[in-house]
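Student: With the sequences and hints as input, model every part of the structure.
For reference, the chains in residue letters:
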Amino acid sequence: MNRALAIPAVSCLIVFVLVFVALQKAADSASPQGSGTDAANAKQSLASIPIPNAKERLEAEPANPQVMLSSDAAGESLTKLTDKYAQPWHDWENSPHHTYSRAAPRPVPSMTTEVTIEPPSDPHDGFFLATIEIKIGQQLQQLACVIDRSTKRAFVFKDGMWVAGDKWAAVGPLPNR
Amino acid sequence: MVLYSGWRAAKWWTIVTIALCAATVLSNTIYLPSGGTPRFLLEKGWLAHQAWWRTAFYFHVVGASICLIAGIPLMFAGFARWSPQWHRRLGYLYINAVLWMAAPAGLAMAMFAKGGLFGALGFTLAGCLWWRSTWAGYREIRAGDLPAHIRSMVRSYAWALSAPAFRAIQMGFYYVGLADEPNYVVSLWLSIAASVWLSESFVRRRQPRAALVVLTS
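Protein sequences appear in the order of chains A and B. For the first sequence, position 64 (counting from the first letter as 1) is numbered 1425 according to the working numbering, and the numbering increases by one without interruption. For the second sequence, position 169 (counting from the first letter as 1) is numbered 178 according to the working numbering, and the numbering increases by one without interruption.
The set of hints was computed from the structure by calculation and includes no laboratory data. Treat each hint with caution, since some may be false.
What the hints assert, rightly or not - Partial chain A-side listing against chain B, Cβ under 7 Å, derived:
id : residue
1  : Val1380
2  : Ser1456
3  : Pro1466
4  : Pro1470
5  : Phe1518
Said to hold, decoys possible - Take a look, some chain B residues computed to stay more than 10 Å from chain A by CB distance:
id : residue
6  : Met110
7  : Cys137
8  : Val212
Stated by the list, open to error - One side of the interface only, derived from the structure: several residues of chain B facing chain A at Cβ under 7 Å:
id : residue
9  : Ser36
10 : Ile39
11 : Thr46
12 : Ala60
Virtual Cβ for every residue (Gly too), placed ideally from N, Cα, C.
Tutor: Right, here's the structure in full:
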C-alpha cells in the first residue's frame, strides 16, 4: 500500500481510537454500571424474588397510625412508579425518527397509565388496595396493587405473583420486546 | 449517471438516485447531538452503550454520507472530462471514506445487525464486496486500466446505493403493511440484489467499451 492510502488509513485508525476513548470515558462518568446492565439485573431480580402474598404479610404487621401513608400520598407514590415504568416507552415515543431510515418505520403507539386507589373500608387498615391501568394503543392491561401504609412500599401483582413496585417499574415494556 | 447509461429513462433514474442519496444524508443528521436519543440507537439497546459499537456507528454514518455525496459527480462521465483533477480529488476522498471508514465500520456493526443471521450475513456480504470493489477500483486506476477501474467503481457505488435503496424499499413495504421484522430482512436482501443487478447489468451492457462510455458519451 502506498503512502497516499497509508496516511488516511492510519489517520482514521487514530481518530477511531480517540473517539472510542472519549465515548468510553463519557460512558464511565455518566453511569458506572451501565443502563443495559441495570435493566438486565432488574429483570433478573424481578424473576428471582417472588413475594407470594404481600397482602397477608401486610395484614400480619401491626400498623402505626402516626406514620400511616395518606391516600393522596399513596396515589402520588404509585404515580411515580408508573411514570418510571412508562419512561422507556415514552423515550421511544418521543425519540427523533424519520420513516426513511434504518430504524423500524412503524410509529410507536402511545402509552398511558392511570392509578386508582380504593378507599379503605377501615381508616386504620395498614394497606391500600389500588389498580394500575396501562393502555398501549388499543390494548388495556389492569394490575392489582397493594401499598403498605407504614413502610410506604408498593407491591404489584404480575404474572401470578406479587413483586415489589420498584422492581416492577424497573422493567417497563419496550415497543421491540 | 454512468450507472444508467443505455437506459431509456436514465435522466429520471439519475434524479431519483440523487434525491434518495440526499434524503439519506439528511436523515443521517438525526445522529448529530440533539435533544433525544434517535430511534435506531434505542432499538439497539445495550449495544448502543458500548463505546466500540458507537464509534463504529459514527464512523459508518460519517463515512457513508461522504461517499454517497462524493460519489454522485464521480458517476458522471461529463464531470471526469470537465475536470480530471477534481475527479481524482473526489475519487480519493470516496475511496478513503469507503476503505477506512464506512465499509470496515459497517462490517464491525454487521455482527450485531438487526434481522438475526440473515441480517448479519447480508451486511457482512455487502461490506466485504463494497470494500473489495473499491480496493480493486483503486488498484486498477493505479495500474492504468481504465475500463476495469470504471467497472469496479460502478460496482462500488452500486453497493453504496444499497443504503438509500434499502430505505426506499423498507418504506414501500411499510406502506403496504408488512411487519417491521420481516420488512427489515426482505428490504436488506432486495437492496443487495438491486445493487448487484444494477452494477452487473452495467458491466454486461458496457463491458467491451466501458472506457468509451466515460470518454465519449
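Student: If a hint holds in the structure, say so; if it doesn't, say that too.
Tutor: A quick look at each hint next to the structure:
1. Val1380: At 5 Å from the nearest chain B Cβ, valine 1380 of chain A passes the 7 Å test, so the hint holds.
2. Ser1456: Holds - the Cβ of serine 1456 of chain A comes within 7 Å of chain B, reaching about 5 Å at its closest.
3. Pro1466: 4 Å, holds
4. Pro1470: 13 Å, violated
5. Phe1518: 27 Å, violated
6. Met110: 6 Å, violated
7. Cys137: 17 Å, holds
8. Val212: 25 Å, holds
9. Ser36: Result: holds, 4 Å to nearest chain A Cβ.
10. Ile39: 5 Å, holds
11. Thr46: 6 Å, holds
12. Ala60: 4 Å, holds
Checked against the numbered hints given earlier, the structure breaks hints 4, 5, 6 and satisfies all the rest.
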